[in-house]
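2 protein chains.
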Amino acid sequence: MVSMESAALSEGLPPTSTKNKGLRNIVVADTKVSSIDTKNRRILYRGYDILDLVNHSTFEETAYLLLYDKLPTSGELDDFTQSLIESRTLPESVINSMRSRSTQASPMDVLQSAISELPDYDLDDMLQDHEEEASIRRAISIIAKFPTIIAVWDRIRKSQVILEPIKGGSHSANFLYMLQGKVPTKHVERIFDICLILHAEHSFNASTFASRVIASTRAHMYACINGAVGALSGELHGGANIQVMEMLLEIAEPYNAKKWVYDTLERGGKIMGMGHAVYRAIDPRADVLSRLSKKIAEERNTKWYGITEQVEQATKRYMKEKKKAAVYPNVDLYTASLYYSMEIPMDLNTPIFAMARAAGWSAHIIEEKLSQAAKSVLYRPKADYMGKKCGPMGCEYVPIKNRNQDFKPCPSYEWKR
Amino acid sequence: MVSMESAALSEGLPPTSTKNKGLRNIVVADTKVSSIDTKNRRILYRGYDILDLVNHSTFEETAYLLLYDKLPTSGELDDFTQSLIESRTLPESVINSMRSRSTQASPMDVLQSAISELPDYDLDDMLQDHEEEASIRRAISIIAKFPTIIAVWDRIRKSQVILEPIKGGSHSANFLYMLQGKVPTKHVERIFDICLILHAEHSFNASTFASRVIASTRAHMYACINGAVGALSGELHGGANIQVMEMLLEIAEPYNAKKWVYDTLERGGKIMGMGHAVYRAIDPRADVLSRLSKKIAEERNTKWYGITEQVEQATKRYMKEKKKAAVYPNVDLYTASLYYSMEIPMDLNTPIFAMARAAGWSAHIIEEKLSQAAKSVLYRPKADYMGKKCGPMGCEYVPIKNRNQDFKPCPSYEWKR
Chain A
1 MVSMESAALS
11 EGLPPTSTKN
21 KGLRNIVVAD
31 TKVSSIDTKN
41 RRILYRGYDI
51 LDLVNHSTFE
61 ETAYLLLYDK
71 LPTSGELDDF
81 TQSLIESRTL
91 PESVINSMRS
101 RSTQASPMDV
111 LQSAISELPD
121 YDLDDMLQDH
131 EEEASIRRAI
141 SIIAKFPTII
151 AVWDRIRKSQ
161 VILEPIKGGS
171 HSANFLYMLQ
181 GKVPTKHVER
191 IFDICLILHA
201 EHSFNASTFA
211 SRVIASTRAH
221 MYACINGAVG
231 ALSGELHGGA
241 NIQVMEMLLE
251 IAEPYNAKKW
261 VYDTLERGGK
271 IMGMGHAVYR
281 AIDPRADVLS
291 RLSKKIAEER
301 NTKWYGITEQ
311 VEQATKRYMK
321 EKKKAAVYPN
331 VDLYTASLYY
341 SMEIPMDLNT
351 PIFAMARAAG
361 WSAHIIEEKL
371 SQAAKSVLYR
381 PKADYMGKKC
391 GPMGCEYVPI
401 KNRNQDFKPC
411 PSYEWKR
Chain B
1001 MVSMESAALS
1011 EGLPPTSTKN
1021 KGLRNIVVAD
1031 TKVSSIDTKN
1041 RRILYRGYDI
1051 LDLVNHSTFE
1061 ETAYLLLYDK
1071 LPTSGELDDF
1081 TQSLIESRTL
1091 PESVINSMRS
1101 RSTQASPMDV
1111 LQSAISELPD
1121 YDLDDMLQDH
1131 EEEASIRRAI
1141 SIIAKFPTII
1151 AVWDRIRKSQ
1161 VILEPIKGGS
1171 HSANFLYMLQ
1181 GKVPTKHVER
1191 IFDICLILHA
1201 EHSFNASTFA
1211 SRVIASTRAH
1221 MYACINGAVG
1231 ALSGELHGGA
1241 NIQVMEMLLE
1251 IAEPYNAKKW
1261 VYDTLERGGK
1271 IMGMGHAVYR
1281 AIDPRADVLS
1291 RLSKKIAEER
1301 NTKWYGITEQ
1311 VEQATKRYMK
1321 EKKKAAVYPN
1331 VDLYTASLYY
1341 SMEIPMDLNT
1351 PIFAMARAAG
1361 WSAHIIEEKL
1371 SQAAKSVLYR
1381 PKADYMGKKC
1391 GPMGCEYVPI
1401 KNRNQDFKPC
1411 PSYEWKR
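Residue numbers (the numbering used here), protein chains in the order written: chain A, 1 to 417; chain B, 1001 to 1417.
Bound conformation, chain A alone (with noise of 0.2 Å):
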């Protein structure tokens, strides 16, 4: 395009180099969405701590909060409910290609699928991408999905028959009765509220700073959204919270927890659950959800957070007997107890965190392009080359006939600039 704004910022200027670092001390954007203040072992939603949050609010009223960037009075927090209520129904076409999938079909896959075919029924709306209000109106329609698409497809899977969404109820006791076909306990309920609100946002997470690159091009929300899961995915972002579970049940009694963990260390290998890229003490969700899981633990009589919290254990006193810098438990640690004692499937897992970061995931993409449409850059970083260059011109193409078994490519070296 003709005005070139994004060009013209990087000219004049000495490139940057954070190379091979993640960026990970590279301020990229102004945000309004979350802070993370490590110091204090706070996050704020809209400045509001997430405590409050778990203490006095609702997934539904903290999704409002991260839309909105203000808490509702009780008659705009009815109407945004309701809104959810309406929007659970999927379009009959996204079931049937759920039916026709493989039954191994792994969860987030078909979230993925599933989530590139809502925009053929929004095709109206589309042209309003940029608009604040069609944003919103989109992301509830997303996040009122969500728990649709896990609970069908997994009753799917399992050929059972599939429940219809309440035409009431919160976002929590509808996802529990969908997918396990009764309503939960009001003490059940909660946990799980609890639990998404926990797992709503925080912060340029890669799975958020993913759909934030994506909404940079203008791309539509399910495009951003669709992008965030893949990223969420990922066995190091969303996927540890499966790998969590998996380590449980190998070492499968609270017992062989210390042994394990110093085996596993010793060996150079990792502890899943332990330790996170941003804080350096207890991380304040997981601290909460400890707790959450032993009530559940011991209202179902399970031994899954006695093994977790033997984990934990044996990590740190393991850290301090080599000296070694303190871990503490992240927020994928006490997920996995706490889920499976739910009898939740534990490839789930991850599709629940996405369920519950599809609220903080919608408000970043739509701040993205309120502030994509005032400066139009999209995210195109530089990369040092370091590959193949034979001579000031690049390497000489040798044409197919002259390449035989005795064809050496140009060799490959390190170019300093």
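Keep in mind that the hints were calculated from the coordinates and are not lab data. Just so you know, even glycine gets a beta-carbon here, dropped at the ideal spot from N, CA and C. Treat the hints with care, as some may be off.
[Stated by the list, open to error] Straight-line Cα separation of at most 16 Å, EDC-like style, residue types lysine to aspartate or glutamate; simulated pairs:
1) A:K375 x B:E1235
2) B:K1408 x A:E76
3) A:K270 x A:E235
4) A:K70 x B:E1250
5) B:K1401 x A:E76
6) A:K401 x B:E1061
7) A:K158 x A:D406
8) B:K1294 x B:E1343
9) B:K1408 x A:D69
10) B:K1032 x B:D1069
11) A:K70 x B:D1406
12) A:K401 x B:E1076
13) B:K1270 x B:E1250
14) A:K19 x B:D1030
15) A:K408 x B:D1069
16) B:K1375 x A:E235
17) B:K1258 x B:E1309
18) A:K401 x B:D1078
19) A:K295 x A:E343
20) B:K1032 x A:D384
[As the list claims (entries may be wrong)] Not everything, but these chain B residues come out facing chain A in the computed CB check (under 10 Å):
21) V1027
22) L1044
23) T1073
24) F1204
25) G1230
26) L1236
27) Q1405
For this one, chain A is given, so just place chain B on it according to the hints.
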């Protein structure tokens, strides 16, 4: 995880702010895939000038070069081509999902859904996702299936009979056959082949960067490619070639072009296809595409090249008259007229871009995965929090029962660190 390299990287260093500039001047990684030599107006894929590849190579050879970092011998290229041919067929369930969709669905959305169904048939392999050989095998499958997905969808939405992929022939010829129902002439096959070479790779653009962010979490290759497709769909990125065609249709005749361009620029509008974030002179790809577009227009006797050329000239003249910085055609400008003259539906322009770029994306994802395995650092930038922060401990949570009509949310203010 216990090993905390990623966190340690940022410790003790002040953050570097490059905010709201799209990382335009930030070096984020080393790469051996390609380099853009803006000074000499050259693009090098793995060290080789794309003009050499355009003159002597094919898309298949270029894809081999990008994936394996070397030019193939004749035998290697034959094996590679054979692997592509054998991977062209789509699983029946992917076709069934497409059949169940609304015919109004965007081809880019269809492509995204289909990509996330492919891993269902690749479960054994998934365990070795981080090994180069498995990744290359997966890349071949994706590159081979993209044209089939696009052509099958176009025939489904037009209620045409779906054609089986040819058990031979080039990538270019097979796609045009599956799409249009007839084997193209050698001349047209070669022109389209060159288009694929030119679109196959372009360093750390937004879609490639999105795919690398996703790869950095260790998500599987399908999820990474899916995110790239999403980013490419945006109108500031791959979606621009559709907007160019919409502009040409609106201008309708060559003699309208000058007035249309001047009017648009006078009212502050943009000319699609002119200007680029990286190039200060003509994009070397645009130069080739312009000549190919002219050839096709002459052969098919269409007006679209003529209009495009008038748009280019009028835009340049306007900028000169207004003493503004010169602008040049980008890769999208002549692609639009070229594909339209070939009777390709214009909303397939971006999917075709994706089909070519799948080669470059795959090379980058493999590079990211290999580098990721060594450093374990996912992309996680910082952001400056500029939202509500009413006091040193954040905003006070007001219980919902106390929020009536007069409830004033906490004010948002610019918070200086």
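Notebook entry, point to check: What are the numbers of the hints the structure violates, in ascending order?
Noted result: Hints 4, 7 are the ones this structure does not satisfy, whereas the remaining hints hold.
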